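Asker: Here are the chains, one letter per residue:
Protein chains: 2
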Amino acid sequence: MMFFTPLKWEKDKLVILDQTLLPLKEKYLEIRDIETLYEAIVKLRIRGAPLLGIAGAFGVYLGIKDFRGDKEKLLKKMEETINYLAQSRPTAVNLFWGMERVRKKIMGNLHLHVEELKEIALQEAQAILEEDIRISQKIGEYGSKIIFQQDSVLTHCNAGGLATSGYGTALAVLFKAHEKGKKLVVYVDETRPLLQGARLTTWELQKAGIESYLICDNMAGVVMKEGKVKKVIIGADRVASNGDTANKIGSYSLAILAHYHSIPFYIACPVSTIDFSIKEGKDIPIEERSPEEILTIKGERIAPHNTKVYNPAFDVVPHHLITAFITEKGLVYPPFEKNLHKLIE
Amino acid sequence: MMFFTPLKWEKDKLVILDQTLLPLKEKYLEIRDIETLYEAIVKLRIRGAPLLGIAGAFGVYLGIKDFRGDKEKLLKKMEETINYLAQSRPTAVNLFWGMERVRKKIMGNLHLHVEELKEIALQEAQAILEEDIRISQKIGEYGSKIIFQQDSVLTHCNAGGLATSGYGTALAVLFKAHEKGKKLVVYVDETRPLLQGARLTTWELQKAGIESYLICDNMAGVVMKEGKVKKVIIGADRVASNGDTANKIGSYSLAILAHYHSIPFYIACPVSTIDFSIKEGKDIPIEERSPEEILTIKGERIAPHNTKVYNPAFDVVPHHLITAFITEKGLVYPPFEKNLHKLIE
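Just so you know, the protein sequences line up as chains A and B, in that order.
Take the first sequence: its position 220, counting from 1, is numbered 220 in our numbering, and each next residue is one higher.
To convert a position in the second sequence, counted from 1, into our numbering, add 1000.
Everything labelled a hint here was simulated from the structure, so no lab data went into it.
Computed from a prediction, not measured in an experiment: that's the story for all the values here.
Any given hint might turn out to be false.
As the list claims (entries may be wrong) - No farther apart than 27 Å at their CA atoms in a straight line, the calculated lysine-lysine pairs in the BS3-like style are these:
#1 A/K231 / A/K308
#2 B/K1308 / A/K230
#3 A/K228 / B/K1282
#4 B/K1230 / A/K183
#5 A/K308 / B/K1025
#6 B/K1230 / A/K298
#7 B/K1225 / A/K282
#8 A/K27 / B/K1207
#9 B/K1308 / A/K231
#10 B/K1182 / A/K308
#11 B/K1025 / A/K298
#12 B/K1308 / A/K25
#13 A/K279 / B/K1225
#14 B/K1180 / A/K230
#15 A/K298 / B/K1279
#16 A/K308 / B/K1298
#17 A/K308 / B/K1104
#18 A/K231 / B/K1225
#19 A/K282 / B/K1025
#20 B/K1282 / A/K231
#21 A/K308 / B/K1027
#22 A/K308 / B/K1183
#23 B/K1308 / A/K182
#24 A/K43 / B/K1298
#25 B/K1308 / A/K225
#26 A/K298 / B/K1298
#27 B/K1207 / A/K308
#28 A/K308 / B/K1180
#29 B/K1228 / A/K282
#30 B/K1230 / A/K308
#31 A/K25 / B/K1298
#32 A/K298 / B/K1027
#33 B/K1279 / A/K228
#34 A/K225 / B/K1183
#35 A/K228 / B/K1308
#36 B/K1225 / A/K230
#37 A/K207 / B/K1308
#38 A/K225 / B/K1231
#39 A/K279 / B/K1228
Pulled out of the complex, with its shape left as it was, chain A reads as follows (with noise of 0.2 Å):
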């Protein structure tokens, strides 16, 4: 069960939903050429890794869908729209992965005619879809064995649908449990300062009918002291081959405070997430960001002029304060260096 849909594919179109008209409204955007595509790209409409790489696959079939013309012509129809689309937002690395993806495709089938090369096109985008809602899925479904009848969960930051096909990472574990009528309470950080928290986790726990309670960052100590919480389960953005785990600013802080209240500490996450070619923690760069996503809020600013601000947009929940790995193939236990291996053997 999908409880919203941040993106389909319906016949000849995109639909998409504008993530920046949430989490007040609720509205979707049909897209069929490429130049509408980029403009919700670069505007934000449609974000989230996982996202933008399924974006991107179905984006280079907008571009040669309606083409007339010879292979060679369709080629050259091809890489001019893999170029366009990769101007909307050039750090991604996902969209190009996605868009790479659909090119490998039609290189390796050179041998078909112009109309069977599109279709295994829009085929491929399909695939890659479906292969990132099935990974939510199998994570949810693994996850949803370690939650309770009645447990209360903390989640940090949106390790949810609106950033893959709908289903999400650490929220799939809550939405497998709440489908199979495990009744919960979360408990959900704003996360400061674009606060995913407050804007997305909220929206999408209350579109799955999920009773949630929204605290400050700076709460979470409290709601565990008070026994509200019964587990932590956040996301990841990069986990090292060491089980050290880099994700959003304030990960690290809240492992700390469940390990001082004895409370288990989850990282859900794709084993794609996990780098195997970083040793540690420590060896994963750790982005600094604008110091106006701090000094103002919905343009707004909040501190004097002149304040100087230090704002990091990850840190790293070191291996020894995670209970365990929630992943597609499975939980994973430690010793964290040996079994996270076992994924990939």
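Chain A is fixed; fit chain B onto it per the hints.
Answerer: Okay, now just chain B, sitting in the frame of chain A:
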């Protein structure tokens, strides 16, 4: 040295800093009558428990200073003034305390003439102001001894001069260390939901010329891990006799994070903050405040409609996570049960 003056008495008028315009605008208001003072209190132009006590005391004088008539009518005028100002902020305990002190002074000196009674009312208000400054200065003096050259401190909320007569508690320590030529860096938690750190503490530190960095509350852990912070100093709303300390929400999380990183954690507060009638932290009632404080920022809504919220205004730092108290009578180390009591013996 005072770096700014939230309230002062000038010949026949109060001059107050309009705190509603901070941090972007610094404007002083002249208050010559109780109607103007009433408006300033209602609109929160003047705020902070100790400061309201001082304002109330001067308010009583403002209400009677131009009175012409006999002693009986003077007392009636005084009572009218107190009743009128009491309505400006009916929950502000210190406001009543300040007015009561002036009333008592007058009632204890009824042998004096009308003009003399007015005069001692003004003197009492000035005495309250001076006491407040002296206490803050003393806290600063004792606290500055634990600050090293090139030290770095994290603070939460605003335990500064704006809530007092200009010098504060936690910030008094930093002001005094800075005056003594110690070079400091201060990390300031923005302090959601009301952002007192972002709005007020950064402003105060800038006025004093102390280097500071604003961070989101959820960045405290990583700032500690990176070695950027050598000690934490915060204020207190109420201290139980065993040392358990209620303070702005987030203080509890911060104490655990400091403990995990072996960073000393100090509470700076006047002895009057210690409530010896309360045995331990769990007996301190914690106010839950309006959901709107979290759901909107500067009038802009950040979460979906129908979002449920948990919004405790304070939390309690257990005494075993506190390194020492910094008071106007000196530093107090464990065992707190015994050593706090010595302050009033």
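Asker: Against each hint, give a clear statement of whether it holds in the structure.
Answerer: Evaluated hints:
With a C-alpha separation of about 35 Å, the suggested pair A/K231 and A/K308 falls outside the 27 Å cut-off, and the hint is violated. Between B/K1308 and A/K230 the CA atoms are separated by roughly 19 Å; this keeps the pair inside 27 Å, and the hint holds. Between A/K228 and B/K1282 the CA atoms are separated by roughly 16 Å; this keeps the pair inside 27 Å, and the hint holds. The suggested pairing of B/K1230 with A/K183 is violated, with an alpha-carbon distance near 44 Å, which exceeds 27 Å.
Restraint check for A/K308 and B/K1025: satisfied, since their Cα atoms lie roughly 18 Å apart, inside the 27 Å limit. With a CA separation close to 33 Å, the supplied pair B/K1230 and A/K298 exceeds the 27 Å bound. At most 27 Å may separate the alpha-carbon atoms for a hinted pair to count; B/K1225 and A/K282 meet this at roughly 12 Å. The suggested pairing of A/K27 with B/K1207 is violated, with an alpha-carbon distance near 47 Å, which exceeds 27 Å.
Between B/K1308 and A/K231 the CA atoms are separated by roughly 20 Å; this keeps the pair inside 27 Å, and the hint holds. Distance check on the hinted pair: B/K1182 and A/K308 sit about 20 Å apart at the alpha-carbon level, within 27 Å; holds. Between B/K1025 and A/K298 the CA atoms are separated by roughly 20 Å; this keeps the pair inside 27 Å, and the hint holds. With a C-alpha separation of about 18 Å, the suggested pair B/K1308 and A/K25 falls inside the 27 Å cut-off, and the hint holds.
Among the hinted pairs, A/K279 with B/K1225 is consistent with the structure: their alpha-carbon atoms are about 19 Å apart, no more than 27 Å. Distance restraint check for B/K1180 and A/K230: the Cα-Cα separation of roughly 48 Å exceeds the 27 Å cut-off, and the hinted pair is therefore not satisfied. A distance of roughly 44 Å separates the Cα atoms of A/K298 and B/K1279; the hinted pair therefore is violated under the 27 Å criterion. Distance check on the hinted pair: A/K308 and B/K1298 sit about 21 Å apart at the alpha-carbon level, within 27 Å; holds.
A threshold of 27 Å between alpha carbons decides the hint, and for A/K308 with B/K1104 the separation of about 47 Å lies outside it, so the pair is violated. About 23 Å separates the Cα atoms of A/K231 and B/K1225, which keeps this hinted pair within 27 Å; it holds. At most 27 Å may separate the alpha-carbon atoms for a hinted pair to count; A/K282 and B/K1025 exceed this at roughly 42 Å. Taking the CA atoms of B/K1282 and A/K231, the gap is about 24 Å. The hint holds against a cut of 27 Å.
With a CA separation close to 23 Å, the supplied pair A/K308 and B/K1027 stays within the 27 Å bound. Of the pairs offered as hints, the one joining A/K308 and B/K1183 holds, with about 17 Å between alpha carbons and a cut-off of 27 Å not exceeded. At most 27 Å may separate the alpha-carbon atoms for a hinted pair to count; B/K1308 and A/K182 meet this at roughly 20 Å. Straight-line distance between C-alpha atoms of A/K43 and B/K1298 comes to about 24 Å, which keeps the hinted pair within the 27 Å bound.
With a C-alpha separation of about 20 Å, the suggested pair B/K1308 and A/K225 falls inside the 27 Å cut-off, and the hint holds. The hinted pair formed by A/K298 and B/K1298 meets the criterion: a straight-line CA distance of about 9 Å does not exceed 27 Å. With a CA separation close to 14 Å, the supplied pair B/K1207 and A/K308 stays within the 27 Å bound. Taking the CA atoms of A/K308 and B/K1180, the gap is about 24 Å. The hint holds against a cut of 27 Å.
A C-alpha spacing of about 16 Å is found between B/K1228 and A/K282, which places the hinted pair at or below 27 Å, so the restraint holds. With a C-alpha separation of about 19 Å, the suggested pairing of B/K1230 with A/K308 holds against the 27 Å cut-off. The straight-line distance between the Cα atoms of A/K25 and B/K1298 is roughly 20 Å, inside the 27 Å bound, and the hint therefore holds. With a C-alpha separation of about 25 Å, the suggested pair A/K298 and B/K1027 falls inside the 27 Å cut-off, and the hint holds.
For the suggested pair B/K1279 and A/K228, the alpha carbons sit about 25 Å apart, so the restraint of at most 27 Å is met. For a cut-off of 27 Å, the pair hint linking A/K225 to B/K1183 is broken: about 37 Å separates their Cα positions. Only pairs whose Cα atoms come within 27 Å are accepted, and A/K228 paired with B/K1308 is accepted, the gap being roughly 15 Å. Distance restraint check for B/K1225 and A/K230: the Cα-Cα separation of roughly 26 Å lies within the 27 Å cut-off, and the hinted pair is therefore satisfied.
At most 27 Å may separate the alpha-carbon atoms for a hinted pair to count; A/K207 and B/K1308 meet this at roughly 14 Å. Annotation: proposed proximity of A/K225 to B/K1231 holds, straight-line Cα distance about 23 Å (limit 27 Å). A C-alpha spacing of about 25 Å is found between A/K279 and B/K1228, which places the hinted pair at or below 27 Å, so the restraint holds.
The structure is inconsistent with the numbered hints 1, 4, 6, 8, 14, 15, 17, 19 and 34, although it conforms to all the rest.
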